[in-house]
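> Sequence lines, in order, name chains A and B.
Residue 43 in our numbering sits at position 43 of the first sequence, and the numbers go up by one each step.
Take any residue in the second sequence, count from 1 to its spot, add 115: that is its number in our numbering.
Treat the hints as calculated values from the structure; they're not laboratory data.
Treat the hints with care, as some may be off.
Said to hold, decoys possible - Negatives, chain A to chain B, calculated, CB over 10 Å:
1) 15
2) 18
3) 22
4) 65
5) 70
6) 72
7) 73
8) 78
9) 81
10) 85
11) 88
12) 91
13) 113
Stated by the list, open to error - Below, simulated DSS-like cross-link-like pairs (lysine-lysine); rule was C-alpha separation at most 30 Å, straight line:
14) B:171 x B:225
15) B:225 x B:157
16) B:157 x A:78
17) B:157 x A:15
18) A:78 x A:11
19) B:157 x A:17
20) B:157 x B:171
21) A:78 x A:15
22) B:171 x B:182
23) B:157 x A:11
24) A:78 x A:17
Where a beta carbon is used, it is the ideal one built from N, C-alpha and C, also for glycine.
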Amino acid sequence: GAGVSQTPSNKVTEKGKYVELRCDPISGHTALYWYRQSLGQGPEFLIYFQGTGAADDSGLPNDRFFAVRPEGSVSTLKIQRTERGDSAVYLCASSLGQADQDTQYFGPGTRLTVL
Amino acid sequence: QKEVEQNSGPLSVPEGAIASLNCTYSDRGSQSFFWYRQYSGKSPELIMFIYSNGDKEDGRFTAQLNKASQYVSLLIRDSQPSDSATYLCAVNYINTGKLIFGQGTTLQVKP
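With the rest of the complex left out, here is chain A (with noise of 0.2 Å):
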């Protein structure tokens, strides 16, 4: 079956720009998740949707970045006013939302960079 994709696959902007990232997860999982990853480290977790409600919004590093799922299947991820510090790839993970036990799927990510 179809696994988590992600749109753009790449995008360039320029600092001060406003940028939004897509990610539809795996049919049936209710569970999303942003992560962002820079060259050389691990995912950082950003934010969790259960359903249409962020359930963990922690890891957003500032209120310049916003996440959205209105319906409960597809999330953006918004960055208004990029800075360079925010060029990363962003990674878009599912689940199905099980409260142990839970796997989480990547999709092949969004490479953000901010010029």
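Since chain A is already given, all that's left is putting chain B on it; use the hints.
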């Protein structure tokens, strides 16, 4: 601060050897443990998960968990050049969704 530690490597092994990858974690509340493989320029791919103390085997891969020592490892038997990648250890805490990742260990399998 919950932390997951891995040696960044590179770990170099000859083809056919056993590769041993190690990971330690700081929080005893850790519930679930995952190993992901990541090829250069690609996203993480799940290899194995383990929840209980002891060993869990899946083909050439064995995950080992010791909660008392806060230690989880991954053994790769009969290593192949195609196993060359970065291996990420990730930990999930009870009643939370997020994974905490280590920085990854780069494995090089030489023909």
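> Any hints from earlier that this structure breaks? Give me their numbers in increasing order, please.
As far as the earlier hints go, only 12 is violated by this structure.
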